[in-house]
Amino acid sequence: MEIVFLAFILMLSIFLGFELINKVPATLHTPLMSGSNAISGITLVGALTSAGAEHSGLATILGTIAVAMATINVIGGYMVTDRMLAMFKKKGGAK
12 MEIVFLAFIL
22 MLSIFLGFEL
32 INKVPATLHT
42 PLMSGSNAIS
52 GITLVGALTS
62 AGAEHSGLAT
72 ILGTIAVAMA
82 TINVIGGYMV
92 TDRMLAMFKK
102 KGGAK
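Numbering (our numbering), first residue to last: 12 to 106.
Hints are not guaranteed to be accurate.
[To be verified] Simulated restraints, written as ranges between beta carbons of each label pair:
id, residue 1, residue 2, range
1, G63, K101, 21 to 31 Å
2, A64, A37, 36 to 46 Å
3, A70, T38, 25 to 35 Å
4, G57, K101, 36 to 46 Å
5, G46, I20, 21 to 31 Å
6, V91, A70, 28 to 38 Å
7, G28, G87, 25 to 35 Å
8, G87, V35, 50 to 60 Å
9, H66, L43, 48 to 58 Å
Simulated from the structure, these hints should not be mistaken for laboratory data. Treat the numbers as computed from the prediction; the structure is a model and nothing was measured. For each residue, glycine too, the CB sits at the ideal point set by N, CA and C.
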């Protein structure tokens, strides 16, 4: 019964996320991306804590993988945000 409940939560979160993203106007994507980068930074701190804790070897391996994935997510998010902000800059330079 627990697997059905978890599958329902997963499907509900996918649907809700899809609907929310589609309702956001294009002018708000950059601020929302910055907010999600902050959340990814918190995830990175949690992954570092998990990887550094002296639990089982499996927990350390999974924590290390989580650190790598969260780092990729944070760097990629900032690269996308920087690229989006560059679209709003004037081409001739600011005067």
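Against the structure, the hints:
Restraint check, G63 to K101: a C-beta distance of roughly 45 Å breaks the suggested window 21 to 31 Å. A C-beta distance of roughly 42 Å is found between A64 and A37, which places it inside the suggested range of 36 to 46 Å. A hinted range of 25 to 35 Å for the beta carbons of A70 and T38 is inconsistent with their spacing of about 42 Å. Evaluation of the 36 to 46 Å hint for G57 and K101 yields a pass: the beta carbon distance comes to about 40 Å.
Between G46 and I20 the beta carbons are some 23 Å apart, a value that agrees with the proposed interval 21 to 31 Å. A hinted range of 28 to 38 Å holds for the C-beta pair V91 and A70, which are about 31 Å apart. Between G28 and G87, the C-beta spacing of about 18 Å breaks the proposed range 25 to 35 Å. In this structure, G87 and V35 break the distance hint of 50 to 60 Å, their C-beta atoms being roughly 19 Å apart.
Taking 48 to 58 Å as the suggested C-beta distance range, the pair H66 and L43 does not conform, at roughly 35 Å.
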